[in-house]
Structure formats: C-alpha cells, structure tokens
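These protein sequences, in sequence, are chains R and B. At position 22 of the first sequence the residue is numbered 22 (full-length UniProt numbering), and the sequence of numbers has no breaks. At position 33 of the second sequence the residue is numbered 33 (full-length UniProt numbering), and the sequence of numbers has no breaks.
Misleading hints may appear alongside valid ones.
Straight-line Cα separation of at most 27 Å, DSS-like style, residue types lysine-lysine; simulated pairs [claimed, not checked]:
#, chain 1, residue 1, chain 2, residue 2
1, B, Lys18, R, Lys21
2, R, Lys21, B, Lys64
3, B, Lys63, R, Lys24
4, R, Lys3, B, Lys64
5, R, Lys42, B, Lys64
6, R, Lys21, B, Lys114
7, B, Lys108, B, Lys63
8, B, Lys19, R, Lys24
9, B, Lys96, B, Lys18
10, R, Lys74, B, Lys63
11, R, Lys3, B, Lys63
12, B, Lys64, B, Lys19
13, R, Lys24, R, Lys3
14, B, Lys114, R, Lys3
15, R, Lys24, B, Lys108
16, R, Lys21, B, Lys96
17, R, Lys74, B, Lys64
18, R, Lys74, B, Lys19
19, B, Lys108, R, Lys21
20, R, Lys42, R, Lys21
21, R, Lys74, B, Lys96
22, R, Lys21, B, Lys19
23, R, Lys24, B, Lys114
24, B, Lys17, R, Lys42
25, R, Lys42, B, Lys63
26, R, Lys24, B, Lys64
27, R, Lys3, B, Lys108
None of these hints come from the bench; they were simulated from the model.
One-letter residues, chain by chain:
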Amino acid sequence: MTKTLDARGMYCPGPVMETAKAMKQLNVGDVLEILATDPAAKPDIEAWARRTGNQVLEVQQQGEAVRILVRKLK
Amino acid sequence: MTQKTDVGVSQTPKEEKKKLSIIVFSGTMDRLMPVGILASGAASSGYEVNLFFTFWGLQAITKKSLQSAGPQQGPKVDVNYQEFGQMMAQRMVEMKYPSWQQLLREAKEVGEVKVFACSTSMGFFNINREDLADFVDDVVGVATFLDRAQGGETLFI
C-alpha cells in the first residue's frame with residue numbers, strides 16, 4: 001500500500017477528482033486506498049477505473065465508509 | 001444494409017480520447033453547478049473537456065460577476081427554482097461543497113479542460129478580454145467550438 005486518500009465527507013465529484021489527483025502522484029503498480037462516505041463512491045470509482053484503465057482490487061464496506069483499493073496500471 | 005468490416009473488430013475502433021463539450025448558455029447557479037460537476041468529473045476520468053461560454057454563460061465568467069458570486073447577490077438561480085436558491089446555497093456551505101468556479105479550476109488542474117469565451121456574446125455585452133476570468137483560455141467563435149467538439153459528446157446547458 002502506497003497511499004491512503006481520505007475522501008470521507010466529500011460528495012460527488014470529490015472522491016473521483018481526489019482519486020485522479022492522488023493517482024497522478026503514484027507510480028505504475030502502486031495501490032491507492034480510498035475511504036469515502038459518498039454513496040456514489042463505489043460505482044463512480046469503478047467507472048473511473050474502467051475509463052482510465054486502472055484496476056479496482058477490493059471494495060469493502062466499513063461502517064459508514066467504503067474502502068476501495070485501486071492499482072495504478074498506467 | 002450494414003456490412004461489417006474487419007476494421008477494429010476486437011476492440012473499440014479508435015483509442016481516441018473521449019471528449020465532453022458543453023455550450024454554457026445559462027448564467028445561473030443552478031446551471032453552472034452541473035457544468036462544474038460534469039467538467040471536473042470528466043476531466044478526472046481522462047476526458048478532454050471543452051467549455052464554450054456564451055450569452056448568459058459568458059456574463060457569468062466576467063471577473064466582476066465571479067467576485068460578486070455570493071449567495072445573496074444578484075439573480076443567481078433560474079426564476080423557476082428561485083424558491084430553492086437560498087436553501088441550496090446554505091446546504092452547499094454546510095456540505096462544504098465547492099463553488100462551480102472552484103470545481104472548474106480543479107478540473108483544469110486535474111485534466112485537460114479548455115475554457116472558451118464567445119466573441120459575439122462579448123460584443124453583445126460589451127465585454128473585453130481583460131474583463132474575463134483568468135481561467136479563460138481563448139476567445140473563439142462557433143466554428144472553433146464545433147471543431148473542438150467534433151466526435152465527442154456535446155451538451156447545451
């Protein structure tokens with residue numbers, strides 16, 4: 001795990017935008033952990049990953065927050 | 001009848017960049033917010049984004065109107081939704097939701113977003129280049145916008 005993005009309390013498009021920003025700082029192969037409470041975060045980050053060619057490794061509900069692991073592929 | 005050719009059978013034919021272009025016609029907050037949201041979401045997802053500010057949209061990107069964009073000033077919400085304006089502005093503050101211009105600025109940071117001002121609208125409203133917000137990339141006409149938007153999704157808001 002390289003970096004954690006705490007996007008809890010943010011609303012669309014916050015989590016996706018912050019994910020895009022954070023991924024820019026990472027190297028190919030690195031994994032970003034995203035924590036979010038926006039109910040759209042799961043489908044949105046999955047769609048974002050499809051669009052941008054990155055890989056969602058894991059999605060887990062943790063109480064009010066969802067924890068999403070994304071691997072940077074390009 | 002349609003004949004299938006062999007070109008690009010296996011994958012999406014072109015690895016062409018996805019594009020979202022918006023003609024920003026309305027200058028009220030209820031329309032500018034979705035422009036900011038769509039632009040930043042698309043830019044984050046790797047879309048090329050082209051925004052063409054025209055008519056009341058152009059008026060909304062003058063330095064003057066951006067500075068006075070507080071929740072209280074001016075007719076900021078479409079008259080049809082005016083009763084919700086105050087409540088929404090208050091909720092957005094409580095939610096710490098960014099303003100549409102913040103969203104637009106972030107969109108420009110995170111991706112490829114071009115902001116164009118319509119030259120004719122500038123004439124209509126007697127607005128000069130230096131009156132426009134710093135995030136404006138260029139003053140153009142419809143032919144330039146159509147050329148940029150070609151092959152992508154285009155919205156009129």
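Would you list, in rising numerical order, the hints stated earlier that this structure does not obey? 2, 3, 4, 5, 9, 10, 11, 12, 14, 17, 21, 25, 26
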